[in-house]
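Spelled out from the first residue to the last, the chains are:
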Amino acid sequence: MPNAAPRTNRWFEPQTLVGIIGLLGIGYTSYRDFQSDMGDRVNNLTVRIAVLETQVAYLARER
Amino acid sequence: MSALNVPIWYYGAILFVLWIMAVLTEGRFMIRTSLALLANWAAHLAHYRLFGDPTPYMFSIFADVLTAIVILARPAGRMQATIGWTLLVQITIHSGYIVHIIVSGYTLQAETSYWAWIDWIATAQIALLGGWFADGMGRYACGDDYRRFVPWHRHPSVPADRPGVGSS
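Chains as they are written, first to last, in our numbering: chain F, 1 to 63; chain D, 64 to 231.
If you are wondering where the hints come from, they were derived from the structure by calculation, not from laboratory data. Built from N, CA and C at the ideal position, the CB exists for glycine as well. Do not rely on the hints blindly, as some may be mistaken.
Claimed, not checked - Beta-carbon label-pair distances, calculated as ranges:
(1) D:A102 - F:S36: 32 to 40 Å
(2) D:L87 - F:R41: 47 to 55 Å
(3) F:A57 - D:F125: 50 to 58 Å
(4) F:Q55 - D:A144: 51 to 59 Å
(5) D:Y169 - F:G25: 18 to 26 Å
(6) D:W72 - F:I21: 15 to 23 Å
(7) F:V51 - D:L87: 51 to 59 Å
(8) D:Y169 - F:R41: 16 to 24 Å
Stated by the list, open to error - Take a look, some chain D residues computed to stay more than 12 Å from chain F by CB distance:
(9) P70
(10) I71
(11) R91
(12) R95
(13) L113
(14) G115
(15) A179
(16) L191
(17) A204
(18) C205
As the list claims (entries may be wrong) - Coverage of chain D stretches by chain F, computed from C-beta distances (three or more under 8 Å per stretch; other residues unrestricted):
(19) 152-162
(20) 169-178
Can you build the whole structure from these sequences, using the hints too?
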């Protein structure tokens, strides 16, 4: 087959490696996000702020 | 209801509309892609109705691998390849959630976050599919031959990427 293009292994192209590294990065980022307790901390802060606001309103009414 | 406060039916309804539009006006590549995404959504809904598990990550990996194979097998262009890559991203996020379950066990915080990640990717998939459809319609509106974009109307006499004769 004189006209056949030479076969190349397409799996070792640079963009494939970049894609795999990107996928691993996204997977790790999602794992760190699942491990994070930031949502709980924000919820706790929100509750704390609500308590403080209630106290401030109560004190303001007293004066 | 999903993490983005969008009813889960909206995803299926939009995918169904895109599939119908693809059948009516587009070629077999978009029909295949939209049908694969619709089947993925329907499979997840059926699994939830049958087993009641809101985060069936092992089933999701299985379904997403099948969907990615269907979409990425000889894609028609960059849009289809990009939609296929979003499936690969979804698979890595399922894997990240599995590692989290193994390391820390179930937490409501992680489940909510996992839902949000998957919902954002599903939204991106619908946006990409819609963008692909709008791109085809835009080309048609600009005067391109409609039949050029419907594969079964195309009869190329030569392959588009034939190797050069005599060159090596």
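Quick rundown of the hints versus the structure:
| no. | hint | verdict |
| --- | --- | --- |
| 1 | D:A102 - F:S36: 32 to 40 Å | 33 Å, holds |
| 2 | D:L87 - F:R41: 47 to 55 Å | 50 Å, holds |
| 3 | F:A57 - D:F125: 50 to 58 Å | 54 Å, holds |
| 4 | F:Q55 - D:A144: 51 to 59 Å | 57 Å, holds |
| 5 | D:Y169 - F:G25: 18 to 26 Å | 25 Å, holds |
| 6 | D:W72 - F:I21: 15 to 23 Å | 37 Å, violated |
| 7 | F:V51 - D:L87: 51 to 59 Å | 58 Å, holds |
| 8 | D:Y169 - F:R41: 16 to 24 Å | 19 Å, holds |
| 9 | P70 | 23 Å, holds |
| 10 | I71 | 21 Å, holds |
| 11 | R91 | 24 Å, holds |
| 12 | R95 | 22 Å, holds |
| 13 | L113 | 26 Å, holds |
| 14 | G115 | 22 Å, holds |
| 15 | A179 | 9 Å, violated |
| 16 | L191 | 16 Å, holds |
| 17 | A204 | 32 Å, holds |
| 18 | C205 | 30 Å, holds |
| 19 | 152-162 | holds (count 7) |
| 20 | 169-178 | holds (count 6) |
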